[in-house]
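Enquirer: Protein chains in written order, with my numbering: chain A, 1 to 113; chain B, 1 to 113.
FYI, nobody ran anything at the bench for these hints, they're computed from the structure. A couple of the hints might just be wrong.
[To be verified] Calculated lysine-lysine pairs in the DSBU-like style (CA-CA distance at most 30 Å, straight line):
hint, chain 1, residue 1, chain 2, residue 2
1, A, Lys71, B, Lys99
2, A, Lys42, B, Lys57
3, A, Lys42, B, Lys14
4, B, Lys99, A, Lys42
5, B, Lys11, B, Lys57
6, B, Lys57, B, Lys14
7, B, Lys11, A, Lys56
8, B, Lys11, A, Lys68
9, B, Lys78, A, Lys68
10, B, Lys57, B, Lys78
[As the list claims (entries may be wrong)] Here are the simulated distance ranges between beta carbons:
hint, chain 1, residue 1, chain 2, residue 2, range
11, B, Gly59, A, Asp17, 33 to 43 Å
12, B, Ala20, A, Gly16, 38 to 48 Å
13, A, Thr96, B, Ser87, 27 to 37 Å
14, B, Thr76, A, Asn67, 40 to 50 Å
15, B, Arg96, A, Gln14, 20 to 30 Å
16, A, Glu105, B, Gln84, 18 to 28 Å
17, A, Val70, B, Tyr10, 40 to 50 Å
18, A, Glu105, B, Thr76, 21 to 31 Å
19, A, Gln76, B, Pro70, 15 to 25 Å
20, A, Gly41, B, Gly72, 44 to 54 Å
21, B, Glu71, A, Gln45, 23 to 33 Å
[Said to hold, decoys possible] Here are some of the chain A residues that sit facing chain B, going by a computed Cβ distance under 7 Å:
hint, residue
22, Pro44
23, Gly59
24, Phe103
25, Gly106
What you are looking at is a predicted structure, and each value in this text was computed from that prediction instead of being measured. The beta carbon of each residue, even a glycine, is placed where N, CA and C say it ideally should be.
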Amino acid sequence: GESVGLHLPTLSVQEGDNSIINCAYSNSASDYFIWYKQESGKGPQFIIDIRSNMDKRQGQRVTVLLNKTVKHLSLQIAATQPGDSAVYFCAENGETSGSRLTFGEGTQLTVNP
Amino acid sequence: GAGVSQSPRYKVAKRGQDVALRCDPISGHVSLFWYQQALGQGPEFLTYFQNEAQLDKSGLPSDRFFAERPEGSVSTLKIQRTQQEDSAVYLCASSRSRKNGYTFGSGTRLTVV
Numbered sequence: 001g002e003s004v005g006l007h008l009p010t011l012s013v014q015e016g017d018n019s020i021i022n023c024a025y026s027n028s029a030s031d032y033f034i035w036y037k038q039e040s041g042k043g044p045q046f047i048i049d050i051r052s053n054m055d056k057r058q059g060q061r062v063t064v065l066l067n068k069t070v071k072h073l074s075l076q077i078a079a080t081q082p083g084d085s086a087v088y089f090c091a092e093n094g095e096t097s098g099s100r101l102t103f104g105e106g107t108q109l110t111v112n113p
Numbered sequence: 001g002a003g004v005s006q007s008p009r010y011k012v013a014k015r016g017q018d019v020a021l022r023c024d025p026i027s028g029h030v031s032l033f034w035y036q037q038a039l040g041q042g043p044e045f046l047t048y049f050q051n052e053a054q055l056d057k058s059g060l061p062s063d064r065f066f067a068e069r070p071e072g073s074v075s076t077l078k079i080q081r082t083q084q085e086d087s088a089v090y091l092c093a094s095s096r097s098r099k100n101g102y103t104f105g106s107g108t109r110l111t112v113v
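For reference, chain B alone in the conformation it holds in the complex:
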């Protein structure tokens, strides 16, 4: 597609529930990023893929967070046993390369109740 597509747009989860968030990057973009954005804050880095390889996962806040990109295109961010503090907007971005612009999707707003 023309842009980065994320689904679902909104997700309400009960505390303790597992969730899966999907990102479909721009075709041909080898780099894919996940960010977490709390209300009123700037996006915070979670993890980075180059093709199917997860090169940096230093931003994942706990071992409940897991991301994958098995075929080097679509990526899934999974959060296990969700907690209230996981409530945020999860943004996905893709890029051809460093210093070549990063295009963001519209994000998934996760609310844990």
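In isolation and in its complexed conformation, chain A is listed as follows:
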């Protein structure tokens, strides 16, 4: 079936370093992607989204890159802080999947002070 998955289940970085979290998706019809941050005991928190007509989108300290050729999505976090420690999920949506989001497994990011 169609799926969205992450390459690395865990990522540990030093405070101040840049972090890169990767995501592969298999549905070529996906045209909308979202990155979520989920802290323990909380719901997923929207970080940034990107539509398929874009390759890159920047927010505050975050950048999402989309490579439709290889169906790959990445989230870059600049100057990672301890408060960035959480599980990060990518999610995708496409016309063929109605309005539902399909989530990957998640990457646990740990920022060491």
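With the hints as your guide, set chain B onto chain A.
Expert: Quick look at chain B alone, frame taken from chain A:
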């Protein structure tokens, strides 16, 4: 309200008991989603409403699960005759439209004993 509100935050049910979980979406958001999240996993789609119409319920795991949104705002997810495998966090999300961000609530953690 400013965000998606879910209640209760925690629910412990005895096996066989019926439960009802409530979601109050962001005002004006026509789309409402229910997701189930098992420990250490990404959220899994359950069902989707556009206003009061349930347009997709393909993710509901059994006929013990039932959702409604009678007036197009507040939604209730009901689980009848709960079983241990129903233990999970139930997340609600709302959105203005596809490709326009999906905001999640904090979820209801259901434990069936």
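Enquirer: Should the interface hint for Gly106 of chain A be scored as holding, given a Cβ-Cβ cut-off of 7 Å against chain B?
Expert: It holds, given that the least Cβ distance between Gly106 of chain A and chain B is near 5 Å, below 7 Å.
Enquirer: When you check the alpha-carbon spacing of Lys71 of chain A and Lys99 of chain B, does it fall within 30 Å?
Expert: Judged against 30 Å, a Cα distance of about 18 Å means the pair holds.
Enquirer: Does the hinted range 38 to 48 Å hold for Ala20 of chain B and Gly16 of chain A at CB?
Expert: Check passed, 47 Å falls within 38 to 48 Å.
Enquirer: Go through the hint on Gly59 of chain A and say holds or violated, using the shortest Cβ distance to chain B against 7 Å.
Expert: 12 Å, violated
Enquirer: For the pair we were handed, Lys11 of chain B and Lys68 of chain A, check the Cα-Cα distance against 30 Å.
Expert: 42 Å, violated
Enquirer: Take a look at whether the Cβ-Cβ distance between Thr76 of chain B and Asn67 of chain A falls inside 40 to 50 Å.
Expert: Hint holds: Cβ distance 41 Å, inside 40 to 50 Å.
Enquirer: Next pair to validate is Lys78 of chain B with Lys68 of chain A; report whether the Cα-Cα distance is within 30 Å.
Expert: It is violated: about 39 Å lies between the C-alpha atoms, which goes past 30 Å.
Enquirer: Is the interface hint for Pro44 of chain A satisfied, with its Cβ closer than 7 Å to some Cβ of chain B?
Expert: 5 Å, holds
Enquirer: Looking only at beta-carbon atoms, does the pair Arg96 of chain B, Gln14 of chain A fall within the given range of 20 to 30 Å?
Expert: 39 Å, violated
Enquirer: Do the beta carbons of Gln76 of chain A and Pro70 of chain B sit within 15 to 25 Å of each other?
Expert: Distance hint for Gln76 of chain A, Pro70 of chain B is violated at roughly 44 Å.
Enquirer: Could you see if the CB distance from Gly59 of chain B to Asp17 of chain A stays within 33 to 43 Å?
Expert: With a Cβ separation near 38 Å, Gly59 of chain B and Asp17 of chain A satisfy 33 to 43 Å, so the hint holds.
Enquirer: Please check whether Val70 of chain A and Tyr10 of chain B have a Cβ separation lying inside 40 to 50 Å.
Expert: Since the Cβ atoms of Val70 of chain A and Tyr10 of chain B sit about 42 Å apart, the hinted range of 40 to 50 Å holds.
Hints 7, 8, 9, 15, 19, 20 and 23 from the list above are not met by this structure, while the remaining hints are.
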